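Protein chains in written order, with the working numbering: chain A, 581 to 724; chain B, 581 to 724; chain C, 581 to 724; chain D, 581 to 724.
I should point out that these hints are in silico values taken from the structure, not numbers from a laboratory. Keep in mind the model is a prediction, meaning the values are calculated, not measured. Warning: the hint list may mix true and false statements.
The calculated lysine-lysine pairs, modelled on DSBU-like cross-linking and capped at a C-alpha distance of 30 Å, are [said to hold, decoys possible]: (1) D:LYS715 - D:LYS676; (2) B:LYS703 - C:LYS644; (3) C:LYS644 - B:LYS644; (4) D:LYS676 - B:LYS626; (5) A:LYS644 - D:LYS644; (6) D:LYS644 - B:LYS626; (7) C:LYS676 - A:LYS626; (8) C:LYS660 - C:LYS703; (9) B:LYS626 - C:LYS644; (10) A:LYS626 - C:LYS660; (11) A:LYS703 - D:LYS644; (12) B:LYS660 - C:LYS676; (13) B:LYS715 - C:LYS676; (14) B:LYS644 - C:LYS703; (15) C:LYS626 - A:LYS676; (16) C:LYS626 - A:LYS644; (17) D:LYS626 - D:LYS715; (18) D:LYS644 - A:LYS660; (19) D:LYS644 - A:LYS626; (20) A:LYS660 - D:LYS703; (21) A:LYS644 - D:LYS626; (22) B:LYS644 - C:LYS676; (23) A:LYS676 - C:LYS676; (24) D:LYS676 - A:LYS644; (25) B:LYS676 - D:LYS676; (26) B:LYS703 - B:LYS644; (27) D:LYS626 - B:LYS644; (28) D:LYS703 - B:LYS676.
With the Cβ distance kept under 8 Å, some of the chain A side facing chain B (calculated, not the full set) [stated by the list, open to error]: (29) GLN588; (30) TYR591; (31) ASP693; (32) SER694.
Chain C residues, not near chain A, derived (Cβ > 12 Å throughout) [what the hints assert, rightly or not]: (33) ASN604; (34) GLU611; (35) MET646; (36) SER688; (37) ASP693; (38) GLN698; (39) VAL700; (40) LEU717.
We treat Cβ as the ideally placed atom computed from N, Cα and C, and that holds for glycine.
4 protein chains.
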Amino acid sequence: MIYTWQHQIQYYETDQMRIAHHSNYIRWFEEARTYALDQAGFGYGKMEECGVMSPVVSVSAEYKEMSRFPETLLIDTEVKRYNGIRLVISYVVKEKETGQIRCIGESSHCFIDSRSYQLVSLKHSYPEIHEIFLKMLEKPSGSL
Amino acid sequence: MIYTWQHQIQYYETDQMRIAHHSNYIRWFEEARTYALDQAGFGYGKMEECGVMSPVVSVSAEYKEMSRFPETLLIDTEVKRYNGIRLVISYVVKEKETGQIRCIGESSHCFIDSRSYQLVSLKHSYPEIHEIFLKMLEKPSGSL
Amino acid sequence: MIYTWQHQIQYYETDQMRIAHHSNYIRWFEEARTYALDQAGFGYGKMEECGVMSPVVSVSAEYKEMSRFPETLLIDTEVKRYNGIRLVISYVVKEKETGQIRCIGESSHCFIDSRSYQLVSLKHSYPEIHEIFLKMLEKPSGSL
Amino acid sequence: MIYTWQHQIQYYETDQMRIAHHSNYIRWFEEARTYALDQAGFGYGKMEECGVMSPVVSVSAEYKEMSRFPETLLIDTEVKRYNGIRLVISYVVKEKETGQIRCIGESSHCFIDSRSYQLVSLKHSYPEIHEIFLKMLEKPSGSL
């Protein structure tokens, strides 16, 4: 279950090294994650409805090649691990024309109640959402 | 009543023209405004306590000269107009060493209730804050 | 000659007022402008080839209504004035579903040599580009 | 050799979770790194003079607690590893009043020629800068 988000690099994302500033990839991961969760059925509207937020617990990125304006990037997003409480998502950022890998990264997330900011277990409190993440983890049939 | 905020240009604020990206000035205006309001006695804690927010209604900037990393800028902030409902603040951005003017700008603001998002009149609902803005408008004695 | 750019508001563009931060509109103007110039035949590659840059001389925005994540915005971009030396572009930002106007704005630009940073007259030095801007100014036939 | 940089959280750095958006920490790492290198004698002016740039090869952050506007953060920066070719810097972000740790992180860097974008060995090509990094690595006397 890989979801691919497309991002067109903007001028304001460049820095004086004439490349996209490295901090932007962390934001593009968020764009890609938002898209993937929405596609999987747990979009922002659904989260709000449930009263759940999903803060970032950690993030990492390895920069392989520099990206430049006005390139278009493809970001492959995949749920790597999920245990009902913690979620790990991985990202592969490629340049669209050449397929060259520019960056790989990972983010991990917990789930909190949007009012109390207390940790929640999706498995226990939101079995419907729990199912969504289990499905995102599933390998396509025959992919062993 | 001019309040002067100091901002050190950061690398991530540059773009590939090797200058600070023009959108950052709008953010620096906010930094300077936050500082000025805080100094005048209407800092963010006070606003929260009152349940008032002050969204930006309009903003404008004229760019006189380009700014570069790692220059330090001074931003002079002044209340230009205030009528109990609407507030206009002006900004003059100068390079610290030379005093060269880099940008002048203005922002206008209304006041809204932080729960209902309805417009509020400071004059009627928050006379204490109203007084603060009237004082910010006052010319120093003998300045006619 | 109106060019319409589409922008999907991202989570990282929100602020704690639960709206898209006002500084982002200045960046979205740039996105829309980049797109419009590209469509008109003066994309970034062409600019680089000519050795011309087009810094922002002034910018202004009037915020009509607040925008929220994850709305999609349409930004109508139009060349308002152009005289061979100076260019003025206007923007109308609307919410995609409702057509509600969120923000209107304007930016003005000069043209500089990308090496010397000296002002250039497109009319004299780059007649081919000059023609492109004149065409962007033209009213559609019968639109008097 | 720990260098401490101070950052005041700005309103535009918040998101609708009412916390500083996680991507900002990556930018604050850069602020702290710029400051530390400058203090150690390898500021941006010096880098430019040498024709050396130091792109980010990887970055990671673990978010311990949320940070909010208008808190002030202290960022302790330290050279963790350095071998003449590669540099690893670590960051500890604390809230100023309480000393509460908000985030820990790390970035690694290589060195490239600012014209050719080719890798350079500081040890071989810039022994003077090499010495600076070796000194940043040194433990204070008696710190075994």
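Inset, instruction - Compare the structure with the hints numbered earlier in the document and write down the numbers of the violated ones, lowest to highest. - result: Hint check: 10, 12, 13, 20, 22, 24, 26, 28, 29, 31, 32, 33, 34 fail, others pass.
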